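Construct the entire structure; sequences and hints are all you get.
2 protein chains.
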Amino acid sequence: MNQSILEVFEPLFYPKSLAVIGASAELAKFGNIILSAIMEIGYQGKIYPVNPEGGEINGLKVYPSLKEIPGEVDLAILTIPAPLVSGALEECLRKGVKGAEILTSGFRETGTPEGRRMEEDITRIARRGIRILGPNCFGIYCPESGLTILPGQNFSRATGPVGFFSQSGGLCADLGQIAKGLSMRFSKMVSYGNGCDVAACDLLEYFFADEKTRIIAGYIEGVEDGPIFLRILKENRRKKPVILWKAGLTATGSQAVMSHTGSLSGSEKVWNSALKQAGVIQVGSAEELVDTIYAFLYLPNTAGPRVAVMGGGGAISVAASDSLERLGLSVPPFSWPILQKLKTSFPPVGNSLRNPVDLGNPMIPPSMLRKVMEAAGEDEGIDTLIVIQILFYILFQVRHRLRMDDRLLSQFSFQPELLKACEEVRAKYQKPIILILPDITTEAGMIDLEAEWRRERDVYQAAGFPVFKTIDRASRALGHFISFQSRNRPWQP
Amino acid sequence: MNQSILEVFEPLFYPKSLAVIGASAELAKFGNIILSAIMEIGYQGKIYPVNPEGGEINGLKVYPSLKEIPGEVDLAILTIPAPLVSGALEECLRKGVKGAEILTSGFRETGTPEGRRMEEDITRIARRGIRILGPNCFGIYCPESGLTILPGQNFSRATGPVGFFSQSGGLCADLGQIAKGLSMRFSKMVSYGNGCDVAACDLLEYFFADEKTRIIAGYIEGVEDGPIFLRILKENRRKKPVILWKAGLTATGSQAVMSHTGSLSGSEKVWNSALKQAGVIQVGSAEELVDTIYAFLYLPNTAGPRVAVMGGGGAISVAASDSLERLGLSVPPFSWPILQKLKTSFPPVGNSLRNPVDLGNPMIPPSMLRKVMEAAGEDEGIDTLIVIQILFYILFQVRHRLRMDDRLLSQFSFQPELLKACEEVRAKYQKPIILILPDITTEAGMIDLEAEWRRERDVYQAAGFPVFKTIDRASRALGHFISFQSRNRPWQP
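So the sequence lines, in the order shown, correspond to chains A and B. All residue numbers in the first sequence are consecutive under our numbering, ending with 499. All residue numbers in the second sequence are consecutive under our numbering, ending with 499.
No wet-lab data here; the hints were simulated from the structure. Small disclaimer: the values here were computed from a predicted structure and weren't measured. Positions of the beta carbon are idealized from the N, C-alpha and C atoms, including for glycine. Any given hint could be a false lead.
Unchecked claim - Calculated Cβ distances over 12 Å to all of chain A for the following chain B residues:
{"#": "1", "residue": "Gly51"}
{"#": "2", "residue": "Lys245"}
{"#": "3", "residue": "Arg493"}
Unchecked claim - Now the stretches of chain A that chain B is said to cover, found in silico as 3 or more residues with beta-carbon under 8 Å:
{"#": "4", "segment": "184-193"}
{"#": "5", "segment": "252-259"}
{"#": "6", "segment": "440-451"}
Said to hold, decoys possible - Pair ranges (Cβ atoms, derived):
{"#": "7", "chain 1": "A", "residue 1": "Glu230", "chain 2": "B", "residue 2": "Glu423", "range": "35 to 43 Å"}
{"#": "8", "chain 1": "B", "residue 1": "Lys22", "chain 2": "A", "residue 2": "Leu408", "range": "28 to 36 Å"}
{"#": "9", "chain 1": "B", "residue 1": "Glu62", "chain 2": "A", "residue 2": "Glu429", "range": "43 to 51 Å"}
Structure representation (structure tokens):
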């Protein structure tokens, strides 16, 4: 049997039928949660619940054992206690099941000889013709086939370019939720836990080969084989960006890793330099991971390091300058003729037009912002535009001042006009525009403003503009994008 | 005249009467916005709008000039064009006005000889018996006296321990809004813009002397006199914590500073080392500034560097460990007897109890979390508890699984029970508890979850527990607190 990496993963990602071994009618049990999630997200293949007690769960007939299932089973999802797992896997082998997902924990990560032994057993079984994900994992989310992780019943069914692999199931669960607000779509998301068989190297190889995946991201605590992992990265470095959060790099973190997935996390210095050499975009938190994936999703290849920053409010311009320069980007002054032209449109005081552009007033009319955007578009020394819109809480106040508290906030919003300006300037000059929409009101009583914020964000995102909450987060994500791009030209997003 | 620093600022912070020179009936003009804001927030002294056109604004009689005002005027707020400012200040001197706030811009920050000259004129006038704030500023917010900045009409009227001074008015406006969601209260907040007279040194001195101020925070772009500024800091370093964002430390940032407030921002290396020596807590963004003030508001003196982290989900435990260790804090394992006792309450697999404690399930029942909190309380090797509650989006799913979408989310929340556990453990062991409540759902359709999040945060805050959205932000803020504390014992928060 000499399968390609795509063939290996076919039954795991696109099973025509699956069995949930340990299916349960009890709502709180993994065996119910995962079965219900897969049904609810709308998996269209055959689903066979397996439980010695038989009966019916969620309207499906329960099979007392795997061998009594009449048809073929591509994928088995195991939620039974750890000591029963290897026996069930032997049954899977006899039934010809091609892949198994072991959600059960209690293996290597316990640090006990018994846990380690049980995990070694599974690994040996895997060598005999079945590929195994886990144990101690949350499974696979594949919107194309309708598979989902635990608990991922409300994940999006839309397929997208992000391939994500993670030793943390919780992070997968979080990312699937966060993604919904960001229109971030996945080809596959894989929680692989302890990684006793399928692990980082295989998944990396798969994602490089998978045509549906354009951006690879991962959370790893340790890898099964460092040199192979790095070789795969290096050989493919120009193909697709790889965004990695290597956790557990401190002494304390490394201890935490040991009891989480039983991985060896390795030295920070060695990892940092190896990942850098391998062209990896290294991140250090869930927020940075999300922001960086987001930047790669939304930024076009024309994004470059010379940034024009425009908005109202001096501190944010200063902060943007500090933040961008620290990340190796620049905020160069506009060229002399562009600046002179721009000056004719603005009053002589109360603003600073040089770049960063501070228009002085936080509630900038779109027509004014548009003039600055046009200038930045025209200026050959500028690659990327960052537009800071800080009108939200001010809108709230304006409404109040106009004694119109009964009117919807959206009726005071400049959104349609500013969106149009963004679209037209982008089309005319082919330069990317990043929006900053700060959300500074978190009072319980101002929830309608938050609703308005989300609507506005969604409108920009739908038009292909990335939206960040702070200039620091935007700068950091842009910095990663530009740095990857400059190392790996001609990479095409 | 040999006034104490408190006397100097008395007419600025507690004016019995004020004049708005340049008051306007036009809603969009500064002269209207500031007048309306002061009326709306409920300033109780006499307000005299001044405008040569006379008439009435917001129901108040308008005086054609300052000299026609019948009574005394403590504070003048100027919103007239820059070339008229020095003339108006001469009138203020003649009228015996004690302080002036110049909101107008167009001075030193323009970089023109004319702008610089006009600012020099103001500075010279200030030496003749009037203290001047600005120009190019948003003014003063003093909840005790009912003064507010532009636009701050909806700021809280509750007084609190934070004294904030800032060269950015926009940052003041933001901070006043952010503060409302965080129950962060101010003694005074001062936007001083270019700082032609009253500036960082005076404000720092005032806040050290002011009994109402316990925590000092500031945003500075440059200072009028570096050695004096540092001397004031050093002489008072054990009295009150000073949290400073010194912006414009990069080359580009320094350029932006020049056109924002015309300040000289200085060298990064020199500033970093000087501020460190002066015992200042240095921060680098608005978010870090807010989080750090927040930590000083909520953390008691018993907070220490040895942290117990507890929650469900392995990645977050690993991230917490990495994050805390990088900030010089530690996550030490529980002592042997405590760990053994704890183990008797939990199943042998599916969790890790060593510290960080990963209970495996993101929706941890409060009774389970309480056992870990008790252990951390009892353990003499632990100073501070971080409790991660990640149940929000999961609640949403649970409600759905129970087919109870018509019920309020709060009916599924463990909040009352967990809050009680936090309160009792804190009272019993006198160790601070920090809550992490991640907010990962930002979908437009999930706004009710956000409302629930804010309610839950408010309940914890009202009980005196700080709430952070991410472990990184909590760690950073705690790190600043601990580091200040260890340098400045016996400082009492």
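(request) Please flag the earlier hints that this structure goes against, numbers listed from lowest up. (result) The structure breaks none of the hints.
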